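**Q** Spelled out from the first residue to the last, the chains are:
There are 2 protein chains.
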Amino acid sequence: MPLGERNWDKSESRYCGVETEFHDDMPQLLAYNISSGGFDFVVAPLMDPSYRPSLMGKDCGGSGVLPFAGSDLVLSPSQWSSHVVGKVSPWIDLDSEDEILRIDSETTLKQEIAWASHLSLQACLLPAPKGTSCANYARCVNQILLGLNNMKLWLRIPLLKTDDDSIDVNSIHPVDSWELWNSFRMLCEHHSQLSIALDILSSIPSANSLGRWFGESVRAAIMDTDSFLTNARGYPCLSKRHQKLVAGYFNHSVQIVVSGKPIHGLPSGGTDLAADHNDRNFDAVQRHPLRPYLDYIGYLYQKMDPLPEQERFELGYRDFLQSPLQPLMDNLEAQTYETFEKDAVKYIQYQRAICKALQDTVPEEKASTLTIVLMVVGAGRGPLVRASLQAAEETGRKLKIYAVEKNPNAIVTLHSLVKLEGWEDTVTIISSDMRHWDASEKADILVSELLGSFGDNELSPECLDGAQRFLKDDGISIPSSYTSFIQPVTASKLYNDVKSHKDLVHFETAYVVKLHNVARLAASQPVFTFTHPNKSSKGSNQRHKKLRFEIPSDTGSAMVHGFAGYFDATLYKDVHLGIEPSTATPNMFSWFAIFFPLRTPVIVHSGSTLEVHFWRCCSPTKVWYEWCVTSPCPSPIHNSNGRSYWVGL
Amino acid sequence: MPLGERNWDKSESRYCGVETEFHDDMPQLLAYNISSGGFDFVVAPLMDPSYRPSLMGKDCGGSGVLPFAGSDLVLSPSQWSSHVVGKVSPWIDLDSEDEILRIDSETTLKQEIAWASHLSLQACLLPAPKGTSCANYARCVNQILLGLNNMKLWLRIPLLKTDDDSIDVNSIHPVDSWELWNSFRMLCEHHSQLSIALDILSSIPSANSLGRWFGESVRAAIMDTDSFLTNARGYPCLSKRHQKLVAGYFNHSVQIVVSGKPIHGLPSGGTDLAADHNDRNFDAVQRHPLRPYLDYIGYLYQKMDPLPEQERFELGYRDFLQSPLQPLMDNLEAQTYETFEKDAVKYIQYQRAICKALQDTVPEEKASTLTIVLMVVGAGRGPLVRASLQAAEETGRKLKIYAVEKNPNAIVTLHSLVKLEGWEDTVTIISSDMRHWDASEKADILVSELLGSFGDNELSPECLDGAQRFLKDDGISIPSSYTSFIQPVTASKLYNDVKSHKDLVHFETAYVVKLHNVARLAASQPVFTFTHPNKSSKGSNQRHKKLRFEIPSDTGSAMVHGFAGYFDATLYKDVHLGIEPSTATPNMFSWFAIFFPLRTPVIVHSGSTLEVHFWRCCSPTKVWYEWCVTSPCPSPIHNSNGRSYWVGL
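The listed protein sequences correspond, in order, to chains A and B.
Mapped onto the UniProt record's numbering, the consecutive letters of the first sequence carry residue numbers 1 to 649.
Mapped onto the UniProt record's numbering, the consecutive letters of the second sequence carry residue numbers 1 to 649.
Keep in mind that the hints were calculated from the coordinates and are not lab data.
Predicted model only: the values in this text are computed from it and were never measured.
Don't take every hint at face value.
Because identical chains cannot be distinguished in the list, a pair is counted as satisfied if it fits within a single copy or across any two copies.
Calculated cross-link-like contacts (lysine to any residue; reagent style SDA-like; alpha-carbon spacing at most 20 Å) [claimed, not checked]: (1) Lys622 / Gly147; (2) Lys366 / Glu393; (3) Lys342 / Gln359; (4) Lys110 / Arg543; (5) Lys356 / Glu394; (6) Lys502 / Ser644; (7) Lys499 / Ser635; (8) Lys110 / Asn641; (9) Lys356 / Phe214; (10) Lys502 / Ser635; (11) Lys502 / Arg643; (12) Lys545 / Thr132; (13) Lys546 / Asp98; (14) Lys110 / Pro620; (15) Lys502 / Asp319.
Assemble the whole structure, with the sequences as input and the hints as a guide.
**A** Printed below as a string of structure tokens:
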């Protein structure tokens, strides 16, 4: 049964497994561990551990029956697939110097995976590579992956990284198990069915180092009983750092698997039971010796803070790639307006900014005599018109509003809104593209919300450059400026989703995405800034920026699958609005991040620098980005000439 | 006119160019340098060097006429394309800190290339990047390349590499211009129309470092007059090392371009002419001031050793990828037999080996009484039968020969050969696959030639394992063993040819190829060895080999596009035969090398190690290789499960 009641949590992490020894009676193994023990699934060997292909006499009966744990008929298909993760024989070593062991290992691995596939198991656990060299193991697993059904392979990897400053003098190189994983998955070409089961040890690496794994395909965290402490009452518990780590796993769909002998908390049965738990004397009436560990994991699961409502609403969007809107080329649909208009926080910020701008435009003493001309350019269905009127009311300023909108469908709504609210005397509706409207008077204040997740990516600069003709020389633009930001991320799920299209176009496209299973490898840095009104004579909106990211040295090496992009906009003076993580406006949901993929992920080694170039290019008909990495190793220029992804003018 | 008479040489390197200053009268420039001066082409600026887009008054006439050197009509289309390489304005600097210069540079570059395309020039020379950063220059060139006609772009790169042990204490990093080229071409994604023009300076780097460039796309070597010495008679000449380098360029289709002011050899006109040569006072009667340099280059060209006949025959095969034969699955055609039977050297080696084996099998004193049973397996149209009979005659041994051949078409030829030569008493023809023939007696000697360029790649091991059933226990196999070898190579031409297919299959296929424009980066190392007869009980022909190549540190960094493969076979005792470069059998032409490409070329940095794995995998129906790189950075496993390339059993 799941760890607890969090009914919005549909992720795998509400299930907890247990690693078991080989048992040839699978139904009894399930009865003991699941029906009675309370675990959700077992990670169990499928093959007698004493089996070696080379020891099978070639003519000993010739029955060809391999020593598997029971036949496929001992459990129902759904029991096999829901409750059993196959554990591949841990003795296999495909990179051994011993040729017989190597060949036995390859044979056994292929036999066990074939059997597990036959049973339609959801996953098999592969033992960790024995040494630092894993090429032959990876070659064999890669062959298997290419012919595999839907089954996942979880490669067991100890969660281990020695700090550079605590290197054992006897070991030549610092150990970082991520490197081993990385070699293995690169050899297997980032195969989407190859995942990780992390072995959690009693000591865990630095937070930065742990963070890397949240962008990798980790499916399970195996908690050895050794990694638990003992509380005052003799029960198992975890250190604060381990607790935080487990909470992170719950939050990232990583399943916990309890493993090892019970060495804490002996509430019933005493030491005898503990000593006996590997025997075949499964007494369903007795309490499962690992139950205290499961109970503690369940306790941690249930004590987690509930997810905020907004986050729950966005669960379905996590790590789901969406094409950015093209609101200039396309007309938005009613549903899209509906969604964005609900973002109260955004309009509160606009109203604050407009209030300040109104007060600065007309001093208090002239408030009743002067009328301020305010134009909402890109008025949509009217939320910024409303915010402007509320700001006028709040500050006691007199307003004349022009609501300029190019979408004829939104104009219909605007008209009925004005009529409904009785705004006819104040609001004039203009059905026109702001770049072409011939205004009859000039504005004191230009209010717009044309921002994309990357700031300028919905062509706010080009639209506002066109609109500033009808802004007075001392007029105010809200927003007055905006800046895009990027940061390098590990995002294996997004990478594989992009790769699954098997074309260049998808690797050279930016996506809007609610980033979740992602590791942010360095603080974000500003890319392009646009200021309005734009007084520069050059007036080019082309940009080029070179950025250098330093990955913290305690992170270790990491894989960069692409860049997360954000924006921050200054609406007016100190009123800002944005999604850049360190300054993001709380509880605003109009924008997810943007993701720029890399065609070939780049490994950045511990303490080294990632140098990146971003360009914003413009032609008479379109705007696009190009990007590349120049260090540690040059990548191709992505999206040259906007061949794959562009925004139409 | 070409540099000299080597009528087999159809390569570009028989032409010599000259770099000129800007001149607005192109016909006069050609008359002076080509008709009169003797050069084959000019590398000439197309645009007035004082032009800057930002200095053009926006309304100064508005004629829009750019200051190009004449209109397209001043030369015929064929004159433009045969005699003019466009030289892009050298002042451009797309990575300058100065934004105006940067924008002017981009505009000018695009205008000049557009003009050169309009003229259908064969190539344009791009100035060398100004600093170590070239991302914006590369981004712009990449945009141009993606829309370019057939014109080539030659990026000018100084041939410069400081030795690690002679680093100027003031410079932080050693300089290696290859790194600059490498960044540029990686950013441009190895575009096949982007090539190199090397600037040859008075001092040149080590031989290993120079060697790298022979695998790169070098189209021209620009020899500055500064790089020449003065001989006893006051004429220009080159140092021995420069001479050797130029000979290398002649041999690799690299065109020489003479550049600079005349500073040696003033046979006519004296210093005045030299001082004036940049003036517009082109007097066609006067000798061209750079003529002595051209004459010296022509002298070097003509004094080169003529190419051996075999090499001339193979000129058309240089760097041309061929699929390996599948002689087991397919039957060879008459033309193929015809070609290979002409390889006298190969059969002489076989005859020598057979002689020794005959003498060892039957001592001299029993030569007249004992008959040796010799089987030629894979007899084809009979050349090894003939070699065996000649060996018998030479050694005075008595032979009974079985000629086993699976190709029914070759059997026809064999029968007529035996009849024609009157060998009926000695030779028995068996029309059968050697793996299935039920022999009536056992052989003393088994002779075969089933070797591919990579030794075992035409399945000699599988065939001979099948045939050894009818070899006596103390019988001899000729060959007695063979070993494959590989070495890492730079081979940009081959890489681009593979890439042009735009699929995975071609990147996971091995090709037979006459390697020429290739840099061999490290000595070759043995991969797989097979010994016959094969007495091991395991009898598996699967293999796995890990190899570590150290690139000599004075090479500098280099690009590995794949691996050149060879074989060496021990026919019998000290008689060997093979194509491994350090031990290759001279004047044998039956085998070119084999080439295993890498899907993504790997950069190996100076002094670091390249670790490579090769597997030979076998299934009941096919044999295939898999390969990967594991260091400096893991590649995908190539050709997993033989999905792209395999040899049928």
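**Q** Are the hints correct? Go through all of them and say.
**A** We went through each hint and held it up to the structure:
1. In this homomeric assembly, Lys622 and Gly147 come within 20 Å of each other (Cα to Cα) only across copies, at 17 Å, whereas the closest approach inside a single copy is 44 Å.
2. For the homomeric pair Lys366 and Glu393, the shortest alpha-carbon distance inside one copy (15 Å) is at most 20 Å, but the shortest distance between copies (125 Å) is not.
3. Taking CA atoms no more than 20 Å apart as the test, Lys342 paired with Gln359 passes in neither setting, with 27 Å inside one copy and 98 Å between copies.
4. Only between protomers do Lys110 and Arg543 lie at most 20 Å apart by alpha-carbon distance; the minimum there is 18 Å, versus 54 Å within a single protomer.
5. Proximity of Lys356 to Glu394 under the C-alpha cut-off of 20 Å is restricted to the intra-copy arrangement: shortest distance 11 Å within a copy versus 110 Å between copies.
6. For the homomeric pair Lys502 and Ser644, the shortest alpha-carbon distances inside one copy (14 Å) and between copies (17 Å) are both at most 20 Å.
7. Both within a single protomer and between protomers do Lys499 and Ser635 lie at most 20 Å apart by alpha-carbon distance, with minima of 17 Å and 17 Å respectively.
8. Taking the closest pair of Cα atoms, Lys110 and Asn641 come within 20 Å of each other only across two copies (13 Å); inside a single copy the shortest separation is 47 Å, beyond that limit.
9. Proximity of Lys356 to Phe214 under the C-alpha cut-off of 20 Å is found in neither arrangement, the shortest distances being 42 Å within a copy and 68 Å between copies.
10. Proximity of Lys502 to Ser635 under the C-alpha cut-off of 20 Å is found in both arrangements, the shortest distances being 19 Å within a copy and 18 Å between copies.
11. In this homomeric assembly, Lys502 and Arg643 come within 20 Å of each other (Cα to Cα) both inside a single copy, at 16 Å, and across copies, at 17 Å.
12. Taking the closest pair of Cα atoms, Lys545 and Thr132 come within 20 Å of each other only across two copies (16 Å); inside a single copy the shortest separation is 39 Å, beyond that limit.
13. Only between protomers do Lys546 and Asp98 lie at most 20 Å apart by alpha-carbon distance; the minimum there is 15 Å, versus 51 Å within a single protomer.
14. Proximity of Lys110 to Pro620 under the C-alpha cut-off of 20 Å is restricted to the inter-copy arrangement: shortest distance 16 Å between copies versus 58 Å within a copy.
15. Taking the closest pair of Cα atoms, Lys502 and Asp319 come within 20 Å of each other only inside a single copy of the chain (19 Å); across copies the shortest separation is 30 Å, beyond that limit.
Hint compliance for this structure: hints 3, 9 are not met, and every other hint is.
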